[in-house]
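2 protein chains.
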Amino acid sequence: MLDPADWESFRAAAHRALDDAVDYLRDVRERPAWQPVPQSVKAELAEPLPADGAPFAAVYAQFARAILPYATGNIHPRFWGWVHGSGTPGGAVAELLAATMNANVGGRDHAAVYVERQVIAWFRELFGLPGADGGVLLTGTSAANLVALLAARTRALGSGVRKHGVYAGGERLRAYASSATHACVRKAFEMAGLGSDTLRVLPADAAHRLDLQLLRRTVESDINSGLRPFFVVANAGSVDAGAIDDLAAVAGIASAFDLWFHVDGAFGAAACLSPRLQPKFEGIERADSIAFDFHKWLHVPYDAGCVLIRDPEIERATFAGGGPYFRRMPRGTGAGEPWFADYGPDLSRGFRALKIWFTIKEHGASGLARAIQRNCDQARTLYDRLTADPDFEPLLEPELQIVCFRPRGGGLEPAQIDRLIDESVMSLQESGVAVISTTTIGGRRAMRLCITNHRTEDADLEEALGALRSIVRDGRDAPT
Amino acid sequence: MLDPADWESFRAAAHRALDDAVDYLRDVRERPAWQPVPQSVKAELAEPLPADGAPFAAVYAQFARAILPYATGNIHPRFWGWVHGSGTPGGAVAELLAATMNANVGGRDHAAVYVERQVIAWFRELFGLPGADGGVLLTGTSAANLVALLAARTRALGSGVRKHGVYAGGERLRAYASSATHACVRKAFEMAGLGSDTLRVLPADAAHRLDLQLLRRTVESDINSGLRPFFVVANAGSVDAGAIDDLAAVAGIASAFDLWFHVDGAFGAAACLSPRLQPKFEGIERADSIAFDFHKWLHVPYDAGCVLIRDPEIERATFAGGGPYFRRMPRGTGAGEPWFADYGPDLSRGFRALKIWFTIKEHGASGLARAIQRNCDQARTLYDRLTADPDFEPLLEPELQIVCFRPRGGGLEPAQIDRLIDESVMSLQESGVAVISTTTIGGRRAMRLCITNHRTEDADLEEALGALRSIVRDGRDAPT
Numbered sequence: 001m002l003d004p005a006d007w008e009s010f011r012a013a014a015h016r017a018l019d020d021a022v023d024y025l026r027d028v029r030e031r032p033a034w035q036p037v038p039q040s041v042k043a044e045l046a047e048p049l050p051a052d053g054a055p056f057a058a059v060y061a062q063f064a065r066a067i068l069p070y071a072t073g074n075i076h077p078r079f080w081g082w083v084h085g086s087g088t089p090g091g092a093v094a095e096l097l098a099a100t101m102n103a104n105v106g107g108r109d110h111a112a113v114y115v116e117r118q119v120i121a122w123f124r125e126l127f128g129l130p131g132a133d134g135g136v137l138l139t140g141t142s143a144a145n146l147v148a149l150l151a152a153r154t155r156a157l158g159s160g161v162r163k164h165g166v167y168a169g170g171e172r173l174r175a176y177a178s179s180a181t182h183a184c185v186r187k188a189f190e191m192a193g194l195g196s197d198t199l200r201v202l203p204a205d206a207a208h209r210l211d212l213q214l215l216r217r218t219v220e221s222d223i224n225s226g227l228r229p230f231f232v233v234a235n236a237g238s239v240d241a242g243a244i245d246d247l248a249a250v251a252g253i254a255s256a257f258d259l260w261f262h263v264d265g266a267f268g269a270a271a272c273l274s275p276r277l278q279p280k281f282e283g284i285e286r287a288d289s290i291a292f293d294f295h296k297w298l299h300v301p302y303d304a305g306c307v308l309i310r311d312p313e314i315e316r317a318t319f320a321g322g323g324p325y326f327r328r329m330p331r332g333t334g335a336g337e338p339w340f341a342d343y344g345p346d347l348s349r350g351f352r353a354l355k356i357w358f359t360i361k362e363h364g365a366s367g368l369a370r371a372i373q374r375n376c377d378q379a380r381t382l383y384d385r386l387t388a389d390p391d392f393e394p395l396l397e398p399e400l401q402i403v404c405f406r407p408r409g410g411g412l413e414p415a416q417i418d419r420l421i422d423e424s425v426m427s428l429q430e431s432g433v434a435v436i437s438t439t440t441i442g443g444r445r446a447m448r449l450c451i452t453n454h455r456t457e458d459a460d461l462e463e464a465l466g467a468l469r470s471i472v473r474d475g476r477d478a479p480t
Numbered sequence: 481m482l483d484p485a486d487w488e489s490f491r492a493a494a495h496r497a498l499d500d501a502v503d504y505l506r507d508v509r510e511r512p513a514w515q516p517v518p519q520s521v522k523a524e525l526a527e528p529l530p531a532d533g534a535p536f537a538a539v540y541a542q543f544a545r546a547i548l549p550y551a552t553g554n555i556h557p558r559f560w561g562w563v564h565g566s567g568t569p570g571g572a573v574a575e576l577l578a579a580t581m582n583a584n585v586g587g588r589d590h591a592a593v594y595v596e597r598q599v600i601a602w603f604r605e606l607f608g609l610p611g612a613d614g615g616v617l618l619t620g621t622s623a624a625n626l627v628a629l630l631a632a633r634t635r636a637l638g639s640g641v642r643k644h645g646v647y648a649g650g651e652r653l654r655a656y657a658s659s660a661t662h663a664c665v666r667k668a669f670e671m672a673g674l675g676s677d678t679l680r681v682l683p684a685d686a687a688h689r690l691d692l693q694l695l696r697r698t699v700e701s702d703i704n705s706g707l708r709p710f711f712v713v714a715n716a717g718s719v720d721a722g723a724i725d726d727l728a729a730v731a732g733i734a735s736a737f738d739l740w741f742h743v744d745g746a747f748g749a750a751a752c753l754s755p756r757l758q759p760k761f762e763g764i765e766r767a768d769s770i771a772f773d774f775h776k777w778l779h780v781p782y783d784a785g786c787v788l789i790r791d792p793e794i795e796r797a798t799f800a801g802g803g804p805y806f807r808r809m810p811r812g813t814g815a816g817e818p819w820f821a822d823y824g825p826d827l828s829r830g831f832r833a834l835k836i837w838f839t840i841k842e843h844g845a846s847g848l849a850r851a852i853q854r855n856c857d858q859a860r861t862l863y864d865r866l867t868a869d870p871d872f873e874p875l876l877e878p879e880l881q882i883v884c885f886r887p888r889g890g891g892l893e894p895a896q897i898d899r900l901i902d903e904s905v906m907s908l909q910e911s912g913v914a915v916i917s918t919t920t921i922g923g924r925r926a927m928r929l930c931i932t933n934h935r936t937e938d939a940d941l942e943e944a945l946g947a948l949r950s951i952v953r954d955g956r957d958a959p960t
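As you go down the protein sequences, you meet chains C and F in turn. Be aware that the first sequence starts at 1, since it is given in the numbering used here, and climbs by one per residue. Be aware that the second sequence starts at 481, since it is given in the numbering used here, and climbs by one per residue.
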């Protein structure tokens with residue numbers, strides 16, 4: 001009833017949309033890295049709920065005019081703001097195919113389930129976790145960190161926590177992470193009812209890494225105070241600086257104190273695909289859980305994250321359940337145990353695995369690793385240049401692909417430089433040349449350039465740095 | 481670096497994939513409703529992490545051979561198991577376009593943000609919630625119920641719950657739902673650290689609705705015991721039977737006792753689009769929160785759910801936050817406040833809104849309502865037939881689109897009928913004619929036929945019922 005009355009005219013419209021999509025990706029360099037959404041477009045989109053439909057081609061025409069031009073920008077070769085992946089053409093077509101099959105991967109027996117199992121098995125293999133089972137695809141690392149924490153909560157408090165809540169013993173639990181840890185970890189503690197007070201945020205060292213001495217001392221002190229340390233988060237690529245904690249050392253401390261060892265590898269863990277970079281992550285194979293994204297440095301279209309849990313029993317003990325309408329059957333559509341609904345929060349689940357499967361199959365571990373390595377090389381080159389730059393000073397040696405830097409003082413007060421940073425970053429974005437973002441490094445506001453981008457050529461960095469330099473010099477001449 | 485070396489050969493391969501996808505949807509009737517995944521396919525998929533890539537066309541060929549034929553089945557006109565949407569061709573192309581733009585709708589200033597805001601505004605308008613702000617798109621109603629509960633937890637315990645956990649006062653909280661409520665509501669209480677003991681599951685009445693007297697009595701009794709009632713869940717379409725609670729009456733009780741009034745409308749709330757069905761949902765406009773899916777009765781491809789929260793302040797007080805890398809800016813890419821990351825669990829978020837926007841625009845409220853009404857009419861017709869059927873007895877009058885029934889006794893013991901149900905449902909699935917599922921109604925195992933399917937013609941139900949009748953008669957002659 002919602003299918004096209006005329007399949008061939010739908011087909012023609014869909015082919016036009018596909019052609020436009022391919023052109024859009026091919027010609028991305030010809031467009032600005034970002035442009036604001038015009039007021040007229042915002043006004044046009046804000047219409048009442050449409051009573052009647054319109055031909056697909058007409059809806060598409062409005063999309064092509066009003067929505068498509070005003071993208072986030074992250075597919076552009078000179079987008080280096082925050083941590084965004086760039087997507088791939090193959091990944092986009094995979095989304096078409098997943099939506100065509102329209103699989104619900106909450107459970108049941110069909111191919112999508114086996115594709116997701118395989119994707120999970122591949123990354124368990126990559127990180128050195130034993131076996132193929134344990135983990136689930138999710139929207140992203142925010143959800144993955146939450147699922148890992150809930151599994152650790154089960155280990156600490158027993159599966160009775162599901163029935164009784166956190167009241168019996170939860171208040172004594174303590175967890176540990178460095179101050180370089182992403183805010184979504186704190187959010188996970190909030191959502192889980194444990195409260196962010198449970199999470200001790202330890203000042204990171206100068207290289208944005210977990211201070212191991214401080215970790216050990218704090219755990220010991222908490223034990224002496226009658227508290228119960230249960231969870232430690234290590235970063236495999238911190239959000240501001242791309243720092244990688246000493247995972248083997250953290251694993252050792254976790255083991256000594258019986259802590260759940262969680263690795264937040266949102267973007268960084270993907271670098272394990274590179275034999276050159278993999279040694280930086282030694283110890284990841286000892287993790288109890290690993291959270292990471294496919295939509296960042298693996299360039300799978302949004303959204304696609306994953307949690308891997310070493311012990312699938314704990315994961316099932318945390319999430320399995322359901323009603324009589326959800327009964328498993330020995331044969332037929334209702335077979336296919338175990339069901340992914342028992343491995344995470346969602347009972348209905350999309351076929352996220354397909355775009356990941358396509359991406360891994362099309363590019364292989366080696367192709368993805370080459371793109372990652374190039375980004376790291378580009379960051380290193382940029383850092384080296386900035387050390388001798390007249391206008392900018394780098395704030396931190398890049399471990400991976402992030403360079404944080406700041407205009408040199410040159411007579412301006414720190415607060416003036418802060419304003420210069422904000423204004424310059426906004427102006428660069430508005431120019432359409434490039435997108436970078438800001439953060440704070442060692443208490444100082446910083447420009448942050450994160451090259452999670454397979455389209456970035458070395459010349460793109462040259463061009464953007466030139467544009468930024470002009471903007472900063474102009475702003476310096478007219479400080480606000 | 482991950483873009484095609486030869487765009488035109490990629491384009492050709494993508495067009496072939498699109499043609500196949502259109503054929504696949506057009507010709508869905510020619511395929512079985514479901515078929516098992518062959519062992520050879522499972523074995524083929526279970527390969528080690530590929531070191532090297534392969535041309536997109538080669539990956540696609542493997543997909544077309546090994547994955548595409550073995551779908552969940554829910555796009556088929558005779559799939560009525562569980563509650564699955566059927567998808568649409570337009571929704572599938574919209575996913576291609578969303579993945580092409582590859583927007584991250586966690587925040588920032590770009591068109592995808594305005595599309596999501598508009599989708600939320602449309603459904604606030606439909607349900608009669610005030611204003612346009614409050615709510616977020618999510619994977620599905622499992623996540624939506626959790627977000628609603630966390631917002632209610634904030635109202636009950638204050639936003640200090642984020643820091644201090646649920647310990648100060650959480651143990652005294654009590655929530656209420658009928659036994660017809662979906663298991664994901666219980667799961668939300670588990671995840672939130674409150675524990676499922678917090679949720680009082682009240683036996684539903686014979687029509688699978690919340691017993692209002694019992695609700696009132698239980699709330700009063702809890703108050704008298706020093707407990708603190710804070711949350712009530714009403715079903716707008718219960719999972720087993722499609723029952724709709726008396727929403728206006730529940731709203732009244734919620735108001736009298738200062739409970740957060742949450743509506744779980746996973747599939748049923750969509751029926752509000754139909755002027756004929758809308759009166760059944762009177763009172764939904766008084767909800768503090770509504771959880772529902774687009775991937776069920778609105779046929780948006782998986783996954784796409786939504787929570788609407790009456791008071792956006794409480795939602796932000798529950799979820800807003802972030803680090804210095806997440807700072808909002810007055811202009812440029814980092815503008816666009818409020819950011820959706822402050823409205824829910826995820827900081828990175830896909831462009832789910834686009835496939836919803838396309839679906840609403842292409843079919844309009846009226847087109848979607850017609851498909852919903854037809855399903856309800858079909859369920860009613862089937863129910864009427866079964867009341868006089870020699871082989872089957874219906875167990876419950878359908879409120880919406882679900883018919884639960886059971887083979888008539890005819891000399892078999894109840895346990896034999898239970899086994900006959902299981903065997904017959906599995907055999908029907910294996911025959912490829914149709915997919916239905918099972919549940920328990922009033923303590924009795926039931927066949928459950930849920931017509932959340934815009935492709936179902938009346939003749940499909942005839943055909944499936946005939947096939948099921950033969951299977952049941954054969955099984956009856958040879959009981960296991």
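Source of the hints: derived by calculation from the structure; they are not laboratory data. It should be emphasised that the depicted structure is a prediction, and the values quoted were computed from it without experimental measurement. Cβ coordinates follow ideal geometry from the N, Cα and C atoms, glycine included. A few of these clues could be false.
Below, a sample of chain C positions facing chain F; criterion: calculated Cβ distance under 7 Å [claimed, not checked]:
1. 110
2. 220
3. 221
Per the computed footprint, the stretches of chain C lying under chain F, defined by three or more beta-carbons under 8 Å from a beta-carbon of chain F, are [to be verified]:
4. 31-44
5. 90-103
How the hints compare with the structure:
{"no.": "1", "hint": "110", "in the structure": "holds, 5 Å"}
{"no.": "2", "hint": "220", "in the structure": "violated, 23 Å"}
{"no.": "3", "hint": "221", "in the structure": "violated, 21 Å"}
{"no.": "4", "hint": "31-44", "in the structure": "holds (count 5)"}
{"no.": "5", "hint": "90-103", "in the structure": "holds (count 14)"}
Of the numbered hints given earlier, the model fails hints 2, 3; all others are met.
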